[in-house]
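Please work from the sequences and hints to get the whole structure.
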Amino acid sequence: MTIASPPGATAAILYGKVAGFRTDVDKLSRFFTETVANSPSTPYFDHSVEYEGWSVTSRDGSTADGVKYVAGPKAPGAKSQPATMPTPLCRGPAAETLDQLRVAGMRYSRVRFMRLSSVNFDMRFHRDGPGGREQWRLHVPVITNPYSFFEWKLEDGQVVRAHFPADGSAWLVRVDVQHRAVNQNPSPSKRVHLLMGVKTPPIEAIAEPFVIPSASRSIRAAGAPAPARIPVPASHD
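Residues 1 to 237 (the working numbering) are what the sequence shown spells out, left to right.
Careful, some of the hints might be misleading.
Stated by the list, open to error - Straight-line C-alpha distance at most 27 Å; calculated BS3-like pairs for lysine-lysine: (1) K17 - K27; (2) K190 - K17; (3) K199 - K153; (4) K17 - K68.
Simulated from the structure, these hints should not be mistaken for lab results.
So, in structure tokens, the structure goes:
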């Protein structure tokens with residue numbers, strides 16, 4: 001069921017959990033290892049980082065479409081073809097997870113398993129999508145390690161860092177704010193997330209919201225914790 005929220009209600013939120021959602025991550029991890037990882041993958045080199053991807057939903061039903069960036073239509077008024085067609089990997093625990101997300105009110109597309117192959121690296125900060133409006137992604141961590149983080153660079157030069165554990169939770173993250181993936185594990189340890197695009201979520205669907213500090217005063221009054229902030233390393237300015 002989709003809940004309506006006032007326009008701009010989520011503009012101060014940087015990330016948070018999908019409320020009322022919990023998937024069986026052990027089943028999802030086994031499905032990835034035994035089924036997905038044994039299927040042909042699509043390589044993707046993004047901001048100096050190597051990924052491999054397998055689409056669960058796409059525009060044409062193939063497991064390759066949608067792994068790489070999908071540009072919108074160039075013609076004025078034209079609409080993009082939604083990447084919502086199930087692929088052969090949209091079954092078992094993957095399909096069950098999507099059903100649970102649908103019940104939680106998520107409107108998703110371009111669902112894919114993404115395996116981060118690079119280790120001991122910091123991705124460049126970047127923004128996704130057109131500027132000037134909120135853009136969200138949804139991550140379900142499947143396989144991770146304590147040295148994997150998601151970071152956002154704020155307008156004042158500070159950084160918010162979060163580690164998303166593979167505990168069955170789903171995380172809504174802002175990608176119109178400068179952000180990057182970080183895997184500082186010096187040992188070989190590949191990170192796998194079930195990743196998808198989502199419409200701006202209703203504020204009621206975001207549990208434990210972390211807010212952008214400049215907008216935190218009104219949100220904190222509702223009991224939301226402020227995010228941790230760390231200095232930006234000089235080498236990444």
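Cross-check of the supplied hints:
1. K17 - K27: 20 Å, holds
2. K190 - K17: 23 Å, holds
3. K199 - K153: Since the Cα atoms of K199 and K153 sit roughly 22 Å apart, the hinted pair holds (cutoff 27 Å).
4. K17 - K68: 25 Å, holds
The earlier numbered hints are all upheld by this structure, with none contradicted.
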